[in-house]
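The whole structure should be built from the sequences, with the hints applied where relevant.
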Amino acid sequence: NAGVMQNPRHLVRRRGQEARLRCSPMKGHSHVYWYRQLPEEGLKFMVYLQKENIIDESGMPKERFSAEFPKEGPSILRIQQVVRGDSAAYFCASSPARTSVYNEQFFGPGTRLTVL
Amino acid sequence: TQLLEQSPQFLSIQEGENLTVYCNSSSVFSSLQWYRQEPGEGPVLLVTVVTGGEVKKLKRLTFQFGDARKDSSLHITAAQPGDTGLYLCAGDRHSGGGADGLTFGKGTHLIIQP
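Taken in sequence, the protein lines are chains A and B. Mapping the first sequence onto the working numbering, position 39 (from 1) lands on 39, and the numbers just tick up by one. When you read off a place in the second sequence, starting at 1, and then add 116, the result is the number in the working numbering.
There may be inaccurate statements among the hints.
To be verified - Some residues of chain A that are not near chain B, with every Cβ distance over 10 Å (derived):
| hint | residue |
| --- | --- |
| 1 | PRO8 |
| 2 | LEU11 |
| 3 | ARG15 |
| 4 | GLU18 |
| 5 | GLY28 |
| 6 | GLU41 |
| 7 | ASN53 |
| 8 | PRO70 |
| 9 | ARG84 |
| 10 | ASP86 |
| 11 | SER87 |
| 12 | ALA88 |
Unchecked claim - Heads up, simulated DSS-like pairs for lysine-lysine below, C-alpha to C-alpha not over 27 Å straight-line:
| hint | chain 1 | residue 1 | chain 2 | residue 2 |
| --- | --- | --- | --- | --- |
| 13 | B | LYS222 | B | LYS175 |
| 14 | A | LYS51 | A | LYS71 |
| 15 | A | LYS27 | A | LYS71 |
| 16 | B | LYS222 | A | LYS62 |
| 17 | B | LYS175 | A | LYS71 |
| 18 | B | LYS222 | A | LYS44 |
| 19 | B | LYS222 | B | LYS172 |
| 20 | B | LYS186 | B | LYS172 |
| 21 | A | LYS27 | A | LYS62 |
The set of hints was computed from the structure by calculation and includes no laboratory data. Every residue gets a Cβ at the ideal spot worked out from N, C-alpha and C, and that includes glycine.
Next up, the structure:
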């Protein structure tokens with residue numbers, strides 16, 4: 001039973017380029033969450049998606065950042081015109097569809113983005 | 117958004133000692149999760165606590181949820197070098213339970229020296 005998969009594991013971009021980060025949730029999970037971890041800071045929530053719907057994007061910067069979770073295929077976090085401050089580890093997590101007081105989320109290994 | 121504070125931020129002890137780390141908030145959480153993260157990897161879920169006063173054990177790790185569901189602690193008995201890592205607590209960003217983004221504490225960096 002494969003866990004959450006993210007690719008690429010490492011991504012290097014020059015300022016102004018676009019970064020695309022992919023996340024495949026665990027089998028049977030239909031909720032996907034993206035988080036960002038900066039050095040010396042904790043994990044910060046960015047966006048919560050279900051298939052074809054953005055549920056909560058209140059943690060995502062208003063400009064240059066977008067996320068999607070299409071009916072088929074992985075969830076994508078897209079960063080346009082990257083700047084050095086976007087350098088961070090980006091983590092995806094998933095949880096099952098059932099409604100439960102347990103908000104257990106399972107994390108992928110992350111994508112480490114470096115902007116030159 | 118609900119906030120979590122963890123203490124201590126850093127802890128370095130000798131193998132075989134016991135330790136406790138804390139996760140505190142002024143907000144009530146429907147559940148709290150503890151994760152461990154190693155360098156270059158994603159957080160790994162250790163436990164979820166749901167009921168006020170609940171105690172869960174995972175081998176040498178004991179997790180407790182406060183009676184008021186505002187705080188939690190992690191106690192490690194006879195720490196081993198393999199316990200080294202970043203310990204994170206997390207809870208729902210909004211009250212009410214169910215699926216939701218998580219708010220994380222900044223974590224406790226634990227080093228167990230052989």
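Going through the numbered hints above, which ones does this structure break? Give me the numbers in ascending order. Hints 6, 17 and 21 are the ones this structure does not satisfy, whereas the remaining hints hold.
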